[in-house]
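Asker: Spelled out, the chains give:
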Amino acid sequence: MTRSAVLAWLFLALWAAWASALQGLAAGPEGLGRWVPDLALVLALSLAARLPAEDMVKVALAVALGRIAVSIQPPVALLAGYLGILLLARGLRSVLELGGPLQRTLLGALAALLFAGWLGLVHAERARDVAAQAVAPGAAAGSLRPLAAALGAWPAALSTGLCALLLGPALARLPGLTPLRRRRPWSRAASLR
Amino acid sequence: MRRSTPRPRALHLAALAVLAFLALRPSPRLEGAIDLALAPARVLAELAAPLRLVRARQARAAEAALRAREPDDYRVRRQLFADQARFALPERPELRQGRSFVHAEVVGRADSLDGIVIRPESGTCAGILPGMPVVSGDVYVGRVAEVGGEDPALATVELVTGGGFHVGAVLHSTEGDADALGRGPARMVVGGSTPRARGRGHEFLLAVHNPERRALREGAVRVDEGGGALEPFQREAQGFDLGRLVDLGEGRYALEPSIDYRAGLFQVVVVRPPDPSGLGEAPPADVLFDEAWLAVRATACGEPTPGREGLAIGSGSWSGVREGAAVVSGVRLVGRVAHAGPFGAGVATLGDPGFAVPVLARVEGRERPLPLGRLVSLGRDAGDVLFAWDAIEHLDPSVETGGAPVPAQLFTASSERLVPRGLVLGEAELPRGKGPHVIRLRQGLDLTRLGRLWVRLEERRSALEGEP
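In order, the protein sequences belong to chains A and B. In terms of our numbering, the first sequence opens at residue 49 and continues consecutively. In terms of our numbering, the second sequence opens at residue 185 and continues consecutively.
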């Protein structure tokens, strides 16, 4: 890996950290609340549509690092979540052109729902013992349902889809990421799918 | 030409499976290794920290509001401690005579036996010996099993609910101690829980062994070791309440305990022989001012995941930060450490669903603090934090206000080592009756905006830094 490529991956992690921090900033009570789009996910998916398949794991790792820096979620859950989403994108890429407006909108929304559901499942599993020791274990466990977390994330899924539609191509062209795209032309990468 | 061959694809899927498994079934050792590998993320946190400047004005406003409320917060906290100390002591005059008492707070559950770990408020276990009775008000809770151990400031108490626990007792029936044949109060042995115990609140029954008679009247059962030489400190334990005898049918009896051993045991006293020095108990040390606090800085503006609430801080396990530790500003609880990496940590704040904390209430018009038990947050709604509460010791709905909710101030209760008691949570209207209820906690301040915080450490900072 060349020095410029290493730098580009570091830039990706940094952009992911900024995107995640912006999400956290906007998720406050006076912000967008549940309508906050998952910008780091849009960034990952926009790159997934443009980079070679073998780079998917690196994209997942870099974006996860950025999110881990500002999140209270267990790092292993974030790693698994981003890796799962990017492996799904890699699979879909063999039958769909992910860069198209409709495709990237739908994939963004679906990925946001899946990601929220996954993090909800992890949180519910890890907090299960805590809920069982509570004085109202039924109500406590009820607030930790992963399906509810996924369904409750529909506003974020809508805004993420919209973000993917409007900002997806721009996010893939953020400063510092050019070497990632130049390293292997899309036409060549497409032939490798 | 390189291709995405099946082997790397299978490797990626295997990695995903392993990560997913670890996420759902955490292994502290493996997660620790992953945290270490991901430690460079801490640099990214610092690089993203300037975004906090967007909220700098709100952070300053929140800090100013917090400082303005501090005098009131400290005042109600002192009142709570005074009430707790008063009600932890026995009320019946005969239980105070010929004894001295050491106030202690419950700081955790013992690992090896059905017991609790206590920390004397004086900060030392001097004068406490194994076998000494431990009580809460007039109620006998158990006896000291071990003093010191790993931490010289802590003692382990074997609870009366423990499987191997036995204490002599007598029945004081409401219809008179003597039975129809003129025999004196019936003797029995109490200890452990009954096979029919359902493990919750009032349904938790204490086991009765070898009752002296087959037919017993219902009544109060009190400790009475009968003067045998086997148990030390019998005189000190004599007369404390164990519970109320209930008839289970078929000649079987059990005791309905007078306190909730699972969720309501926060403050206890160790009963000693009279203090010959006459100096009494050393004044309690306030943990808010000890050395086991670490100043930390928030590095992120909030949790990016929808529906979750928390903040990242710039210190981790290498600075002594542990999962579950309280994070405070002044006397207010901001949150608890949810995850601690080597150089940074995530803090779940009160509005994070699943956030759990032992809670004690100071209820308007009621002198005795009300233990609410371990409450779990249901999330935030319109700025207030919602907690589920299934009242074990509830407020009577039949009294003068006719079932209207009662204003109360909520505090952390002591039962976890890294969460000191008496940290202010906020105000709430407590519903009457057993419940289940949903409590709406008003914090009055946006604590998630604060930039400078303190984390409770397991050890004093000087110990961590290797100082004498």
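Incorrect hints may have been included.
The calculated label-pair distances, taken between Cβ atoms and stated as ranges, are [as the list claims (entries may be wrong)]: (1) B:220 - A:176: 45 to 55 Å; (2) B:347 - A:176: 38 to 48 Å; (3) A:80 - B:193: 30 to 40 Å; (4) B:205 - A:195: 14 to 24 Å; (5) B:205 - A:223: 14 to 24 Å; (6) A:150 - B:201: 24 to 34 Å; (7) A:140 - B:220: 49 to 59 Å; (8) B:258 - A:55: 45 to 55 Å.
Among chain B residues calculated to face chain A with C-beta under 10 Å, some are [claimed, not checked]: (9) 225; (10) 287; (11) 312; (12) 313; (13) 373; (14) 525; (15) 547.
What the hints contain is simulated information worked out from the structure, not anything from laboratory work. Given the structure is predicted, the values throughout are model-derived calculations rather than measurements. A virtual CB, placed ideally from N, CA and C, is assigned to each residue, including glycine.
Asker: Any hints from earlier that this structure breaks? Give me their numbers in increasing order, please.
Answerer: Result: hints 1, 2, 5, 7, 10, 11, 12, 13, 15 break, sorted rising.
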